[in-house]
Amino acid sequence: MSRRARLVFFAVAAAGLAVTLGVGLAGLPSFGSQLTAYARMLNELASPQRHVTDVVSAITFDYRGIDTLFEEFILLAAVAGISVLLRPLSDESRQLPEDKAPNRKIPPPSPAVWLLAVLLSSLLTLIGLETITHGVLTPGGGFQAGVILASAIYVIYLGTNYATVERFQPDPLLEASDGVGAFGYVVIGLLGLLAGDVFLSNVVGLGVTGNLIAGGTIPLLNLVVGVEVAGGFAILASEFLDQTAVIRTERR
Amino acid sequence: MSVLAYGVVAWLFLVGIYGVVTSRNLIHMVVCLSVAQSATDVLLLEIGYRTGGHAPVFVNLPTHPGPAVDAVMQALALTDVVVGAAVTALLLALVVQVHKRAGTLDPDALRATRD
Amino acid sequence: MSEAVIAVALVWVAASGTAVVLTRDPLHQAFVAGFFGLGLAFLYLSMQAGDVALSQIVVGAIALPLIVLLSLAKVRKGRE
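Residue numbers (my numbering), protein chains in the order written: chain A, -11 to 240; chain B, 648 to 762; chain C, 440 to 519.
The shape of chain A in the complex, shown without the other chains (with noise of 0.2 Å):
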């Protein structure tokens, strides 16, 4: 199809999209009008049933834990692929990087550059591990946490050449991390089946509400949730890393 019939054939469909949405929207109630009776009855039952101070912690690991089960599979699965996809080909192979001039190494990093980056990963690792374990007082949580916790091995790429980053870089610890994750997601869930009740009911004890051991099986899953984030971002930005600075194309 050329480019004009796209177009033409895009105008024509986007305008009976545009039309069907608004048309469905309007049927929608008014902006900031009142809320469902589910999300009504959630904010006023979830801090007495289950001792904690943030609703949507206890919504996403408890109330609706079965569907970040899936999403932490979806993160699995996405991660898997792009470890699949960037592979080295049957035409290529990994060398290090090296200096255009024939009879020069590359230089080191600058040390001031190395001194911040290794001083904005400490304190990421740090925020990092704070979101983590108050997730269940403020927002927060095992996902924004798993990001900023791959974000410190990000700042390390940043600040340095790549033979240090390979040094540097627990490649078997990240993909152990991600698999660990996902498995131990599974596993705090069979522990409500082995105590009898359904998979993923919060089964150890409930504690008190404001302590940052509280909400039972809440602290747990947003933990072993922030691993398995934080696994897969890394792993994702070093297969990216890979191809840029190592995986060579063999001339023919």
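Worth flagging that the hints you see were computed from the coordinates, not collected in a lab. Hints may be right or wrong, so weigh each one.
[Claimed, not checked] Over the 10 Å line for every Cβ pair with chain C, so calculated as not near, a few chain A residues: (1) Q83; (2) T148; (3) V191.
[What the hints assert, rightly or not] Now the in silico label distances, taken between C-beta atoms and shown as ranges: (4) B/R748 / A/Q37: 52 to 58 Å; (5) C/S441 / B/T710: 18 to 24 Å; (6) A/L194 / C/K516: 35 to 41 Å; (7) B/R748 / A/R82: 17 to 23 Å; (8) A/S189 / C/K516: 35 to 41 Å; (9) B/Q744 / A/I201: 41 to 47 Å; (10) B/M648 / A/I115: 42 to 48 Å.
[Claimed, not checked] In silico BS3-like pairs for lysine-lysine, Cα to Cα no more than 27 Å straight-line: (11) A/K93 / C/K516; (12) C/K516 / A/K88; (13) B/K747 / A/K88; (14) B/K747 / C/K516.
Even glycine gets a Cβ: it sits at the ideal position worked out from N, Cα and C.
Since the structure of chain A is already known, use the hints to place chains B and C on it.
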């Protein structure tokens, strides 16, 4: 306010799809797709908003806190944002491999693989 | 007051979303996409959604620009 709020959702989605259709660069196309995806997150949160509501975090509240906004929609949108980024990364990995094989990033210039 | 803040955030999001689509060069588009992500985070915060705003900030400022820039670097190196 309702017209502005829901209109922005429809506009973002249509603009994202327009970017995908008229794109001449595969990387540009993937970023436009992520714009269209964020429209759904905005719609989820708009459905769950209550005028004068506060965040669904019940700690250190004033004496008469008023209603809270919908926490279920926030739970749905929160995982959606993170997983959406991972799927966008998967699409970009596909783009990188397509560029290696076809030598171009122009979707109009890509041809079917060997017949 | 909060309604005015939400209205400003909505207009910011719509305008920067349009700018992302209309910027054809991927390298420039990566920067505009960062601005769009910031607008989205501001919108989510003004709608009292703290968790979602935190997710959008970390994803839109850290993960997405890194992936797009690394893909661009790989594609440009292949073209040399």
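Outcome of the hint check:
{"no.": "1", "hint": "Q83", "verdict": "13 Å, holds"}
{"no.": "2", "hint": "T148", "verdict": "15 Å, holds"}
{"no.": "3", "hint": "V191", "verdict": "25 Å, holds"}
{"no.": "4", "hint": "B/R748 / A/Q37: 52 to 58 Å", "verdict": "55 Å, holds"}
{"no.": "5", "hint": "C/S441 / B/T710: 18 to 24 Å", "verdict": "20 Å, holds"}
{"no.": "6", "hint": "A/L194 / C/K516: 35 to 41 Å", "verdict": "55 Å, violated"}
{"no.": "7", "hint": "B/R748 / A/R82: 17 to 23 Å", "verdict": "19 Å, holds"}
{"no.": "8", "hint": "A/S189 / C/K516: 35 to 41 Å", "verdict": "52 Å, violated"}
{"no.": "9", "hint": "B/Q744 / A/I201: 41 to 47 Å", "verdict": "46 Å, holds"}
{"no.": "10", "hint": "B/M648 / A/I115: 42 to 48 Å", "verdict": "36 Å, violated"}
{"no.": "11", "hint": "A/K93 / C/K516", "verdict": "20 Å, holds"}
{"no.": "12", "hint": "C/K516 / A/K88", "verdict": "14 Å, holds"}
{"no.": "13", "hint": "B/K747 / A/K88", "verdict": "22 Å, holds"}
{"no.": "14", "hint": "B/K747 / C/K516", "verdict": "11 Å, holds"}
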